[in-house]
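Novice: Sequence:
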Amino acid sequence: MSAPSKAMTTTATATSNQAKTHNACDPSSISSTPRDGTSKSSQQQHPDRPLTEIIGQTFPSFDHHSIVVKPFEEESARDVAFSQELSAMLLDVVLETHAWASARPKHESQVAVQKFEKKISQVMEVEKEQEQTRERLNEFVCRMKTALAALTGLGL
Numbered sequence: 001m002s003a004p005s006k007a008m009t010t011t012a013t014a015t016s017n018q019a020k021t022h023n024a025c026d027p028s029s030i031s032s033t034p035r036d037g038t039s040k041s042s043q044q045q046h047p048d049r050p051l052t053e054i055i056g057q058t059f060p061s062f063d064h065h066s067i068v069v070k071p072f073e074e075e076s077a078r079d080v081a082f083s084q085e086l087s088a089m090l091l092d093v094v095l096e097t098h099a100w101a102s103a104r105p106k107h108e109s110q111v112a113v114q115k116f117e118k119k120i121s122q123v124m125e126v127e128k129e130q131e132q133t134r135e136r137l138n139e140f141v142c143r144m145k146t147a148l149a150a151l152t153g154l155g156l
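For the record, in the sequence shown the residue sitting at position 114 is 114 according to this note's numbering, with numbers rising by one throughout.
Because the hints were derived from the structure by calculation, they are not lab data. Don't take each hint at face value.
[To be verified] In silico lysine-lysine, PhoX-like type, Cα no more than 25 Å apart, as pairs:
(1) Lys106 - Lys119
(2) Lys128 - Lys118
(3) Lys115 - Lys128
(4) Lys118 - Lys106
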């Protein structure tokens, strides 16, 4: 017997000895993946199926479109919708701010005009009072002169 065939015989014998020593009721003594490549659950589901049938079984194809592409496209569409909504909201804010900024100087200038008109009217009232005071003072001085003249004219 050659060396490679002798090694295969030894491995096959060791594998069969391991299978014999496992307790069928003790799940911890059975390895989770047997040497034939099938999982423990597939062996338990179909214990009488031959290995060639299991290997020849076709598996469902991976549906990358529904699992990866479609959620990505939905998320991208939501991102685009959010971006458009955010842009519309920002445009509204900018327009409202511009309108407010444009109207503010008009309002402030109207308030300033009213304030200045009020001050001007106060100054005009003060001037009018000063004019009346000046007239009264001038009238008082004239009366005093007349009174002095009358007094001095009598005493002569």
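Novice: Check the hint pairing Lys128 with Lys118 against an upper bound of 25 Å on the C-alpha distance.
Specialist: Measuring from Cα to Cα gives roughly 15 Å; hence the hint holds.
Novice: For Lys106 and Lys119, compute the direct alpha-carbon distance and say whether it is at most 25 Å.
Specialist: Since the Cα atoms of Lys106 and Lys119 sit roughly 20 Å apart, the hinted pair holds (cutoff 25 Å).
Novice: Tell me if the straight-line CA distance from Lys115 to Lys128 falls inside 25 Å.
Specialist: Answer holds: Lys115 to Lys128 is near 20 Å, not above 25 Å.
Novice: Going straight from one Cα to the other, do Lys118 and Lys106 come out at no more than 25 Å?
Specialist: Holds, at about 18 Å.
Hint violations for this structure: none, all hints satisfied.
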